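Enquirer: Please build the complex by placing chains B and C on the supplied structure of chain A, with the hints as guidance.
Now for the letters of each chain:
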Amino acid sequence: MVKEATEKVIPNPFVPYPATLKSVIDLTPDVKLFTLELDRGEDEFDYKPGQFAFVSAFGVGECPLGLTSAAHRKEGLQFAVRRVGSVTNALHQLEPGAKTGVRGPFGNFFPVDDYNGKNIIIIGGGIGFAPLRPVINTILDNRDGYADILILNGARTPQDLCFAAEFDDWAKSPRTKLELTVDAGDENWNGRVALIPDVVAELEPSPKDAIAIICGPPIMIRFTLTKLKQLGFANEQIVTTLEGKMKCGLGKCFRCNVGDKYVCRDGPVFTFEQISQFIEQF
Amino acid sequence: MGADFTQQIRDKAKELLEKGTVECVIGYETGSDGVSARPAFIHDPAEVDRLVFDNTCSHNLVKYLLNKKGKPTAVVVKGCDSRAVNLLLSEKQIERNQAFIIGVVCPSVVEWGWNKRSEQIQKRCDWCRQHTPVVYDFLVGEPVTEEPPPDFADVAEMEAKTTEERAAFWREQAERCLRCYACRQACPGCYCIDCFVEELDPEWVGIRIAPQENLMWNTIRAFHLGGRCISCNECERVCPVNIPLSLLNRKLEQEVLSLFDYRAGMSDDTIAPLITFRKDDKLGIGE
Amino acid sequence: MTKILGKKELESWLSSIMKDRTLVAPKHVDDLTLFSPVQSVEEIAFNYENTNLSPKELFFPRTDTLFTVERKDSEMEITPAVIEQETVIFGIRPCDAWGIATLDGPYLDDPADSLWAQHRAKTTMIGLACTKPAPQCFCTSMGSAPNDSSNVDILLTEVDEGYAVETVTAKGERLLQGVELKESDVKPSVPSCDTDVPAEGIVEATQKVFDDPYWSRLADRCIHCNICAYVCPTCYCFDVRDRTDRGKIERIRTWESCQSKGFTRIAGGYDPRADKGTRLRQRFCHKLLYFPQQFGPLGCVGCGRCVTACPVNIDIREIISDLQELGAKVGQGSN
Numbered sequence: 001m002v003k004e005a006t007e008k009v010i011p012n013p014f015v016p017y018p019a020t021l022k023s024v025i026d027l028t029p030d031v032k033l034f035t036l037e038l039d040r041g042e043d044e045f046d047y048k049p050g051q052f053a054f055v056s057a058f059g060v061g062e063c064p065l066g067l068t069s070a071a072h073r074k075e076g077l078q079f080a081v082r083r084v085g086s087v088t089n090a091l092h093q094l095e096p097g098a099k100t101g102v103r104g105p106f107g108n109f110f111p112v113d114d115y116n117g118k119n120i121i122i123i124g125g126g127i128g129f130a131p132l133r134p135v136i137n138t139i140l141d142n143r144d145g146y147a148d149i150l151i152l153n154g155a156r157t158p159q160d161l162c163f164a165a166e167f168d169d170w171a172k173s174p175r176t177k178l179e180l181t182v183d184a185g186d187e188n189w190n191g192r193v194a195l196i197p198d199v200v201a202e203l204e205p206s207p208k209d210a211i212a213i214i215c216g217p218p219i220m221i222r223f224t225l226t227k228l229k230q231l232g233f234a235n236e237q238i239v240t241t242l243e244g245k246m247k248c249g250l251g252k253c254f255r256c257n258v259g260d261k262y263v264c265r266d267g268p269v270f271t272f273e274q275i276s277q278f279i280e281q282f
Numbered sequence: 001m002g003a004d005f006t007q008q009i010r011d012k013a014k015e016l017l018e019k020g021t022v023e024c025v026i027g028y029e030t031g032s033d034g035v036s037a038r039p040a041f042i043h044d045p046a047e048v049d050r051l052v053f054d055n056t057c058s059h060n061l062v063k064y065l066l067n068k069k070g071k072p073t074a075v076v077v078k079g080c081d082s083r084a085v086n087l088l089l090s091e092k093q094i095e096r097n098q099a100f101i102i103g104v105v106c107p108s109v110v111e112w113g114w115n116k117r118s119e120q121i122q123k124r125c126d127w128c129r130q131h132t133p134v135v136y137d138f139l140v141g142e143p144v145t146e147e148p149p150p151d152f153a154d155v156a157e158m159e160a161k162t163t164e165e166r167a168a169f170w171r172e173q174a175e176r177c178l179r180c181y182a183c184r185q186a187c188p189g190c191y192c193i194d195c196f197v198e199e200l201d202p203e204w205v206g207i208r209i210a211p212q213e214n215l216m217w218n219t220i221r222a223f224h225l226g227g228r229c230i231s232c233n234e235c236e237r238v239c240p241v242n243i244p245l246s247l248l249n250r251k252l253e254q255e256v257l258s259l260f261d262y263r264a265g266m267s268d269d270t271i272a273p274l275i276t277f278r279k280d281d282k283l284g285i286g287e
Numbered sequence: 001m002t003k004i005l006g007k008k009e010l011e012s013w014l015s016s017i018m019k020d021r022t023l024v025a026p027k028h029v030d031d032l033t034l035f036s037p038v039q040s041v042e043e044i045a046f047n048y049e050n051t052n053l054s055p056k057e058l059f060f061p062r063t064d065t066l067f068t069v070e071r072k073d074s075e076m077e078i079t080p081a082v083i084e085q086e087t088v089i090f091g092i093r094p095c096d097a098w099g100i101a102t103l104d105g106p107y108l109d110d111p112a113d114s115l116w117a118q119h120r121a122k123t124t125m126i127g128l129a130c131t132k133p134a135p136q137c138f139c140t141s142m143g144s145a146p147n148d149s150s151n152v153d154i155l156l157t158e159v160d161e162g163y164a165v166e167t168v169t170a171k172g173e174r175l176l177q178g179v180e181l182k183e184s185d186v187k188p189s190v191p192s193c194d195t196d197v198p199a200e201g202i203v204e205a206t207q208k209v210f211d212d213p214y215w216s217r218l219a220d221r222c223i224h225c226n227i228c229a230y231v232c233p234t235c236y237c238f239d240v241r242d243r244t245d246r247g248k249i250e251r252i253r254t255w256e257s258c259q260s261k262g263f264t265r266i267a268g269g270y271d272p273r274a275d276k277g278t279r280l281r282q283r284f285c286h287k288l289l290y291f292p293q294q295f296g297p298l299g300c301v302g303c304g305r306c307v308t309a310c311p312v313n314i315d316i317r318e319i320i321s322d323l324q325e326l327g328a329k330v331g332q333g334s335n
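Protein chains in written order, with the working numbering: chain A, 1 to 282; chain B, 1 to 287; chain C, 1 to 335.
Hints were generated in silico from the structure; no laboratory data involved. As the structure is a prediction and not an experimental result, all values here were calculated from the model. Errors might be hidden in some of the hints.
Unchecked claim - Each computed EDC-like pair below joins lysine to aspartate or glutamate, with the alpha-carbon atoms no more than 16 Å apart:
#	chain 1	residue 1	chain 2	residue 2
1	B	K123	B	E157
2	C	K27	B	E172
3	B	K68	B	D49
4	B	K123	B	E95
5	C	K261	B	E198
6	C	K261	B	E199
7	A	K245	C	D239
8	B	K69	C	E49
9	A	K99	C	E77
10	B	K123	B	E236
11	C	K27	B	E157
12	A	K208	A	D266
13	A	K177	A	D160
14	C	K208	A	E280
15	B	K19	B	D44
16	B	K251	B	E157
17	B	K116	C	E49
18	A	K172	A	D148
19	A	K99	C	D73
20	A	K22	C	E75
21	B	K69	C	D275
22	C	K132	C	E75
23	C	K182	C	E161
24	B	K68	C	D220
25	A	K99	C	E75
26	A	K245	C	D271
27	B	K69	B	E111
28	C	K27	C	E49
29	A	K229	A	D260
The shape of chain A in the complex, shown without the other chains (with noise of 0.2 Å):
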């Protein structure tokens, strides 16, 4: 419980809702995803594709992290969590039941609704699909108000494949082809090894009424967004998620700028016409 407030103390934006951990499934070997629920009904946040959340390990810290749940599914608030610093594994340490804190929603969002009509392009490496799962749940669940889908989903090996368990789900949705991809395979895997980049160039998505939603590492990014470019995709066409070291959300640690553009509050969506724009560049 919080302490009720005064009329005159400002509510501290700082304070997280209490929150507990439902279920923590692996996802790969070093990605988890958790379920938690907010302990208090009124606590309850609608959110959208893109926009992320605090999630704090109690004598730790918090983190950012991007919400991989479609806030209309109702299943509870979802992250993949990549174990990879010291508040990640931490979170990686708790089992269900284990009590945690969640600062909520943050950032902008994916306006799936201007993509109506529209084909949609999904490309994701890694734990850089996290952020694109609800795009691609939320679109799929309102499937005709959406042309052709192509998601491509690519990771360094078969084992870093992220949410493996919704793949038949999405190939067999209408118009909608589901490619997957790893940097090295295995004995068991005998479907495509290949980088992304590559794959793009090899499908030639075509740009006509098309948009690009682009999300993995730096260098994925940068040499994915070269080969949509030479496809004919406008700057405008392409769009992805920033990433930035953040300790409040709140546009007062200015911590995540990009130039004057706060990746917490002016994105972290952002389309490549935008980036193009900021007078830093990364």
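Expert: Chains B and C in isolation, oriented as in the chain A frame:
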């Protein structure tokens, strides 16, 4: 000293840059107050007249060589600074053939601040027994004969205080510390890519800026420099809240001298005693 | 007519304030002058140009607890920090008060920072006009003045008979209740702050010079400590982390600076500002470009502390001048 040292440094810098022996000369120039010096990076032989040498040139420029790895660079060093060159050479942080050392026989530096220049010699110069650089490619000034070894009177004065007095003294200093890390950033011996204080997993100290953590920070840093500190005292000079950091370093310097008869940075092929072990080491126990 | 407070009356007024509030005033501590809580008027330093550290600490402490968490049975009890103590700051200079008001921009921007707002509500500022600008001061160039009363609750200006009193806010008026003021026809005057720093149009100039190698060259000598940000009245970046002490967890916030290596490094290792030049550029573009674009005022009040404290003489006044010069050349085809 004075104009002559300045001219010699300018002439040498011009020669090195024109011949292409180095890409950059790191020296000193006059700061924005017109009174005290600041580090200068000269890439163009036409700009060597920016270089000066005077008794406010207390900055230890050797640390900048770590930003110039792979690029031949000249650096102006005083006696204390030259020991830092040896320290970094012995710890394999710089290559001897990438650095051209312009040694200056140090006239001693004075207490100074921005827009303030006194005639008071800094106490580090009173302690110093190395006014002549120990390593150089070119020497400005005549080597001087040194006086007898230092006596650590400052350490003795602190040790004469009671435990309670010392605890109160250091607590007060720890209360002032801001964890700006200027001491670490100015120190040529502090070059760890990830300092222990920034390690989060495990968290050795914690980010809280409070006496308990601040004291941990300063004492552990002093231990990491035990047997490695070359007494340039830049850490104390740069501290914005005037914490007498030299006391910590001098105490450990005294210990290392008495236990191992060792002074840091006197040659480029010896390793500090606290990071090595020899069978004939005096441990100070049971002796 | 000018209202005057005599020196003795000032001392008894401050003594009475100390009884039920924390009085913070400049205090000589060895060679430093620092804002500290004082228990008697004798502790107060009256003869100083400005303090070594800015009073932003009284609103944005170097280390602070955002909330505490305690496990109670199977629940987590989260308790946000509440500021209960009333504070009065005596002797704050107009430049520093301008700095506090400037930080209202980011900190009160929705969602407002609760702790900052509480400190602001609970603090009354008695400003003291400058009698002698220091060589590093340039407040006038940045929009303030040695006797600028716009951001304090009361402004005192030294005159022969004591202090001329200007009551600025209702809070200031309440603090002065019961204090006897004399009337005089003396006109308080302060020396002007003459250092001229060409700040007009600096936002546009900074924007033009963004990609110039100037930043890399300047960063050569920067040692990337945190001194400039910590002494500055308008730097406000912070770090957040949990701390556990005997079972009680605190989420704490501390000062941090964009200059430190690793400030923007994300877990996993990628750091968009690994380069020294980009980090140095970040600080000055924040102050001279992004901050005014977002909030209006420049992120520098001209107190000059960074100028005196920087170990390698990175001088913002020089930088402003350089940026203007370089900015003027951009678009003229010469570069």
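Enquirer: Which numbered hints does this structure break?
Expert: 3, 4, 8, 11, 12, 13, 22, 27 and 29
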